[in-house]
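The listed protein sequences derive, respectively, from chains A and B.
Residues 6 to 239 in our numbering are what the first sequence spells out, letter by letter.
Residues 6 to 239 in our numbering are what the second sequence spells out, letter by letter.
Since the hints were made in silico from the structure, they are not lab data.
Mixed in with the good hints, there may be bad ones.
[What the hints assert, rightly or not] Taking CB as the label site, the calculated pair distances span:
#1 A:D79 - B:G233: 50 to 60 angstroms
#2 A:P158 - B:A168: 34 to 44 angstroms
#3 A:E226 - B:Q180: 26 to 36 angstroms
#4 A:Y20 - B:D217: 28 to 38 angstroms
#5 A:G149 - B:T58: 44 to 54 angstroms
#6 B:T177 - A:N70: 27 to 37 angstroms
#7 A:P158 - B:H169: 45 to 55 angstroms
#8 A:A191 - B:E108: 50 to 60 angstroms
[Said to hold, decoys possible] Chain B residues, not near chain A, derived (Cβ > 12 angstroms throughout):
#9 A34
#10 A65
#11 P144
#12 A239
In this text, a Cβ means the ideal position worked out from N, Cα and C, and glycines have one as well.
Protein chains: 2
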Amino acid sequence: MNLLLLSNSSSEAGYLVHALPAIRELGQALPADASAVFVPFAGVTRDWDDYATLVGDALADLGWNIQPLHRAEDPVAALEAASVIIVGGGNTFNLLRELRRRELMPLMARRVREGASYLGWSAGSNLACPTICTTNDMPIVDPGSFDALALVPFQINPHYTNAHPPGHRGETRMQRLAEFCAASPAMPVLGLPEGTGLRVRDDGMELVGPHDATLFLGRREPAVLRPGKVEVSA
Amino acid sequence: MNLLLLSNSSSEAGYLVHALPAIRELGQALPADASAVFVPFAGVTRDWDDYATLVGDALADLGWNIQPLHRAEDPVAALEAASVIIVGGGNTFNLLRELRRRELMPLMARRVREGASYLGWSAGSNLACPTICTTNDMPIVDPGSFDALALVPFQINPHYTNAHPPGHRGETRMQRLAEFCAASPAMPVLGLPEGTGLRVRDDGMELVGPHDATLFLGRREPAVLRPGKVEVSA
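Okay, chain A solo, but in the shape it has when bound (with noise of 0.2 angstroms):
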């Protein structure tokens, strides 16, 4: 598999800017006019067009002829063709109900595992998980399942911070993935923070970026993976 799951697109540099240099080397197997789609479904406040343009506008300096999959006449065929699939940040929620109401989740779960490339960010990295419970949206639509595309065999917190506004009495991200590891005590959580990525290859998994990313186990005291190669493992 190759896979690159980032924390988040946004930055004072501009959107996916931090990450270029990681999505380059994601692709640097495929053609410079290699097909991709886009998965625009996270957006909900932001029309699949203009995300599509955005993500676009971005990635045009790789040259993929990048295709959003909601202007797909056949979406089935056009990531039977991919030999890219990205999928944007937003609502995990919108982002996995939209994908499941077209009954595209194992298609896609299967092309990757085939050996398409998967390039996400935020709610495009909890879907590469086994399921997007440890997402931190809304749950502002209900997907029917949790269950996601499993490319990875633990689970993904983008945006991990624990800083907290001042004076706010609800729970800390600690307090929020503690309660998931008390409720799924076998199943590793890695905690990316932004301007991370994890890159996932056959042969094993980096982390990039400049921060450190923490992984949550059980009951176990958080662990501090630091940039480079990494393991998560149970």
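For chain A, the structure is supplied; the task is to place chain B on it using the hints.
Showing chain B alone in chain A's frame:
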């Protein structure tokens, strides 16, 4: 109906202390030894017995006879006999899943419609709404469906704030609620800040506490609701 839906439980003053005057007012028509049931199922990292003790101690001065639902030999009989149903905060998904597993949701809704008083905070306030779609909690377990008690015909967002840790690129609360409003444009959402609560009686509603609430509906500009008599309609 006789409801008190609080944003939060804890404050500098102590557990539920800020809400005691409103809770006392909720119970003023009840005998001092009224039968109450406490629902601890939103607790995930908190032991249910410990949780029941915490709540029992916090409400001791009211004189209610509080039975924790998880200790009831016959939960159906306990709810049928209760004059007050108390639903504590924690994780809304866990709360809903546990109630649904025990098939207690229709009974709880009926008891409150028949006249049992309802006191909820945080997840307990989410539960009183048509769905749990405006919870802030992480979806750590799948409740099977997002449908909730529908005691009020609108959604509540507890712990409402638009504060945001500096530098964080994830969604603000207002952006999350805007996504809900885009998906459900006819459903009002009441953002209840910390320290506030909504008092619901057959003849009207009142915002209690020292802060304004914010009302969201579709694409309309959010409206500010001042403490005192309020109306929420689509």
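Status of the hints after comparison with the structure:
Between D79 of chain A and G233 of chain B the CB atoms are about 58 angstroms apart, so this pair conforms to the stated range of 50 to 60 angstroms. Checked against the hint of 34 to 44 angstroms, the pair P158 of chain A and A168 of chain B passes, with Cβ atoms roughly 36 angstroms apart. Checked against the given bound of 26 to 36 angstroms, the beta carbons of E226 of chain A and Q180 of chain B, roughly 33 angstroms apart, stay inside it. For Y20 of chain A and D217 of chain B, the hinted distance range of 28 to 38 angstroms is satisfied, since their beta carbons lie about 35 angstroms from each other.
Look at G149 of chain A against T58 of chain B: about 38 angstroms separates their beta carbons, and that is not inside 44 to 54 angstroms. One distance hint, 27 to 37 angstroms for the beta-carbon pair T177 of chain B and N70 of chain A, holds here, with the actual separation near 35 angstroms. Hint check: P158 of chain A to H169 of chain B, Cβ distance near 33 angstroms, so the stated range 45 to 55 angstroms is violated. The beta-carbon spacing between A191 of chain A and E108 of chain B, approximately 28 angstroms, falls outside the hinted interval of 50 to 60 angstroms.
The beta carbon of A34 of chain B sits about 30 angstroms from the closest Cβ of chain A, which is more than 12 angstroms, so the claim that it is off the interface holds. Every Cβ of chain A is farther than 12 angstroms from the Cβ of A65 of chain B; the closest lies at roughly 22 angstroms, confirming the non-interface assignment. The claim that P144 of chain B is not at the interface with chain A is violated, since a C-beta of that chain comes within 12 angstroms of its own (minimum 5 angstroms). With a closest Cβ-Cβ approach of about 17 angstroms to chain A, A239 of chain B is found to remain outside the 12 angstroms limit, as its non-interface label requires.
Hints 5, 7, 8, 11 from the list above are not met by this structure, while the remaining hints are.
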